[in-house]
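Line by line, the protein sequences give chains A and B.
The first sequence: position 293 = 293 (the numbering used here), numbered continuously.
The second sequence: position 235 = 235 (the numbering used here), numbered continuously.
Check before you lean on any hint, since a few could be wrong.
Counterexamples of contact, computed for chain B against chain A with all Cβ distances above 10 Å [claimed, not checked]: (1) 61; (2) 87; (3) 112; (4) 123; (5) 229; (6) 234; (7) 398; (8) 400; (9) 420.
To spell it out: a stretch of chain B is covered by chain A in this simulated footprint if at least three of its residues, at any positions, have a beta carbon under 8 Å from a beta carbon of chain A; those stretches are [as the list claims (entries may be wrong)]: (10) 47 to 53; (11) 69 to 77; (12) 135 to 144.
Simulated from the structure, these hints should not be mistaken for lab results.
If you're wondering where the values come from, they're calculated on a predicted model, not measured in any experiment.
Cβ coordinates follow ideal geometry from the N, Cα and C atoms, glycine included.
2 protein chains.
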Amino acid sequence: MTDASKKGPSRRGFLSGMAAGGAAMAAGAVRAQTQAPDPLITEVQPWASEFGDPVDAVPYGMPIRFESHVVRRNVEWLTESAESSINFTPIHALEGTITPQGCAFERHHSGAIELSKQDYRLMIDGLVETPLVFTYEDLTRFPRKSAVAFLECAANGGMEWGGAQLEGCQFTQGMIHNMEYVGVPLRTLLAEAGVKPEGSWIYAEGADASSNGRSMPLDKAMDDVLVAFFANGEALRKEHGYPVRLVVPGWEGNMWVKWLRRIGVYDQAVDSREETSKYTDLMPDGRARKWTWVMDAKSVITSPSPQAPIRHGAGPLVITGLAWSGNGRIAEVDVSLDGGVNWQKARIEGEAKPKALTRFYLDIDWDGSEMLLQSRAIDETGYVQPTKDALRAIRGLNNVYHNNGIQTWWVRADGEVENVEVA
Amino acid sequence: MTDASKKGPSRRGFLSGMAAGGAAMAAGAVRAQTQAPDPLITEVQPWASEFGDPVDAVPYGMPIRFESHVVRRNVEWLTESAESSINFTPIHALEGTITPQGCAFERHHSGAIELSKQDYRLMIDGLVETPLVFTYEDLTRFPRKSAVAFLECAANGGMEWGGAQLEGCQFTQGMIHNMEYVGVPLRTLLAEAGVKPEGSWIYAEGADASSNGRSMPLDKAMDDVLVAFFANGEALRKEHGYPVRLVVPGWEGNMWVKWLRRIGVYDQAVDSREETSKYTDLMPDGRARKWTWVMDAKSVITSPSPQAPIRHGAGPLVITGLAWSGNGRIAEVDVSLDGGVNWQKARIEGEAKPKALTRFYLDIDWDGSEMLLQSRAIDETGYVQPTKDALRAIRGLNNVYHNNGIQTWWVRADGEVENVEVA
Chain A
1 MTDASKKGPS
11 RRGFLSGMAA
21 GGAAMAAGAV
31 RAQTQAPDPL
41 ITEVQPWASE
51 FGDPVDAVPY
61 GMPIRFESHV
71 VRRNVEWLTE
81 SAESSINFTP
91 IHALEGTITP
101 QGCAFERHHS
111 GAIELSKQDY
121 RLMIDGLVET
131 PLVFTYEDLT
141 RFPRKSAVAF
151 LECAANGGME
161 WGGAQLEGCQ
171 FTQGMIHNME
181 YVGVPLRTLL
191 AEAGVKPEGS
201 WIYAEGADAS
211 SNGRSMPLDK
221 AMDDVLVAFF
231 ANGEALRKEH
241 GYPVRLVVPG
251 WEGNMWVKWL
261 RRIGVYDQAV
271 DSREETSKYT
281 DLMPDGRARK
291 WTWVMDAKSV
301 ITSPSPQAPI
311 RHGAGPLVIT
321 GLAWSGNGRI
331 AEVDVSLDGG
341 VNWQKARIEG
351 EAKPKALTRF
361 YLDIDWDGSE
371 MLLQSRAIDE
381 TGYVQPTKDA
391 LRAIRGLNNV
401 YHNNGIQTWW
411 VRADGEVENV
421 EVA
Chain B
1 MTDASKKGPS
11 RRGFLSGMAA
21 GGAAMAAGAV
31 RAQTQAPDPL
41 ITEVQPWASE
51 FGDPVDAVPY
61 GMPIRFESHV
71 VRRNVEWLTE
81 SAESSINFTP
91 IHALEGTITP
101 QGCAFERHHS
111 GAIELSKQDY
121 RLMIDGLVET
131 PLVFTYEDLT
141 RFPRKSAVAF
151 LECAANGGME
161 WGGAQLEGCQ
171 FTQGMIHNME
181 YVGVPLRTLL
191 AEAGVKPEGS
201 WIYAEGADAS
211 SNGRSMPLDK
221 AMDDVLVAFF
231 ANGEALRKEH
241 GYPVRLVVPG
251 WEGNMWVKWL
261 RRIGVYDQAV
271 DSREETSKYT
281 DLMPDGRARK
291 WTWVMDAKSV
301 ITSPSPQAPI
311 RHGAGPLVIT
321 GLAWSGNGRI
331 AEVDVSLDGG
341 VNWQKARIEG
351 EAKPKALTRF
361 YLDIDWDGSE
371 MLLQSRAIDE
381 TGYVQPTKDA
391 LRAIRGLNNV
401 YHNNGIQTWW
411 VRADGEVENV
421 EVA
């Protein structure tokens, strides 16, 4: 489905002598034509003289056919089975901060199951005063909270440990989405069951065959975790865990258990498959980092990027991207046009919400010469997004997860863009 | 499609002697069952032992089949033609604040046209230094802004002037949606063309056959109006004006011209069909209010409501709804259980954004007796949403537009809900 097999060249040493345009945009630069004999202006077009679709043509609408390329895509060789695979968000073609459910990253461990509200049950058991089973309707009777939050897979950018290997930020950083959730705080349900004093961990599992069980310290479970049933205003889609999933703001996506079936309360972690064999970070000395739940600050330029080249030539150019941090708000995003030598402060658009995607822009007057575009996120804790090499120096090359290194796009003079690395 | 022809009874005088439960929810009220021999818990279900869908089953996902009732609906007898009609948002079944594009209110004057980016042109002419024609790509080169904003049709609630006539808040208040938009400020494009000193109005028209032309004072055009191309993260849907529409925060929906074709700058209003014959408010003395652009503060309880009855009986009940104001932020929402005699302050969830839908909740312990539910919005200017009778006393009954009166739902002891009025 994509040019995913391409092994991108390492472009170390490319940097010297670049002269990319970083000047502020010239005021009044004309980006439009004065009126000309353009038949689209001078002649009556069919759409201006005939009826369009009636209102009842589409009870539930889909994107217009011209946008049929803006879809999730998988990379077949990444996994053995599509039931246990990854479908990447087309972040190169999206804007703003909300990710529509229909094209939002999905990953399953045994496929997306179909589970009705009638068949739904949630059990809370283990170290609780009163083990409880909730129906879907039971859940709707508790006070609700909402949160806009990003979900990022721990493996997002994982291929980049080995260098620039996948073309397009859909594939390099597209294991992410950002939605407005509504649900019941998990602490409310835990309080209903009554956590015993010795309870210090929970274990969440889903109703699918994989169960995708994950342990979580009770502190987090009592903090900002939601048992959610709505996303972006409507019911969760099937592939996002209909009818109920966990929302675990700032923490890696596999903790956000879909088709949530059970919360067990324990006095220690379960050490399940998904937190021992998987989702641990193998270090150079052969030991593994464990419980690396929080997604550190990260950013990526979504346009221009390999799937979103510059078609309009030199002159005014909008550079835009996304930044996020599992530790809170994004405080600043810097953009470099020359592979990290010089940095300019990007404009953060709107409110930077905690643990949510944040949109940034840098508006430049591009001189048409090649650029090495990078972005660097800084969050409210002062953490600065590192280079890939800085990460590798500590974590080595055995690891799959938690690559939040700075991404580089090589913009050529013809506007085409490639995934590269600079030293 | 709905029980729309039903003329709701006037329930004036219904109020006396009501004893609806308004007590704060009892702490620790158990809303779940302890474990029981429930086969959904004790037996392995098919979805827990078989693969679900692979990730590439749906490149662009749709709601699960169990939610097929959560769709836009029209009321056929309201208009003569479905090309010039209304499709209402299912607000009774949505939550949070974002409205998905797929089920968001649509209204066209001559149908939803299909217009490609290649065929798209925007002309700015009239009292400008340099008349300009922009291609879609031209527009993408200007600095972008985003805004979350509600769009409400001036006719939303219009049938309520004559009493409780339509069952369900989808039909009484569903001519509304709320999205995150990204686009170019209109002032940026006007500055590019150079507005002459005598320019004091703009006139916006669409590329569809109706053109839906509307005049707007230059002050508003230079304030917060966006020439938008993205909504909720992705391209505008066809029925929402793909590829470009106006976003006019706080002002009535017909000003938000879709398939935007031309902005003319003039020294007076055009007085087009849509601002003389239509979208003026006929007063009791036969004169019409004109230029009633701003949507005043309003609210509605979305659940329980006629399409969202109470199925679970007495006990803990989540009452929720939406509030909004074209004049800024919602400051407070009050809820009455007894038809406006007593009011309780509702909980506003999350940030109340200016000119955007705001979600409110009141969590009660329902005693199972009947209620007359109302909500009342107060915005940051101090404006208080009026009763329908207070509006009628001033504006009479000739009018179609700008009914922001308080809505009443009669909740019966069996949990069914009807649209009624109280005196």
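Here's how the hints hold up against the structure:
no., hint, verdict
1, 61, "4 Å, violated"
2, 87, "4 Å, violated"
3, 112, "4 Å, violated"
4, 123, "6 Å, violated"
5, 229, "8 Å, violated"
6, 234, "5 Å, violated"
7, 398, "26 Å, holds"
8, 400, "18 Å, holds"
9, 420, "25 Å, holds"
10, 47 to 53, "holds (count 7)"
11, 69 to 77, "holds (count 5)"
12, 135 to 144, "holds (count 8)"
In this structure, the earlier hints numbered 1, 2, 3, 4, 5 and 6 are contradicted, and the remaining ones agree with it.
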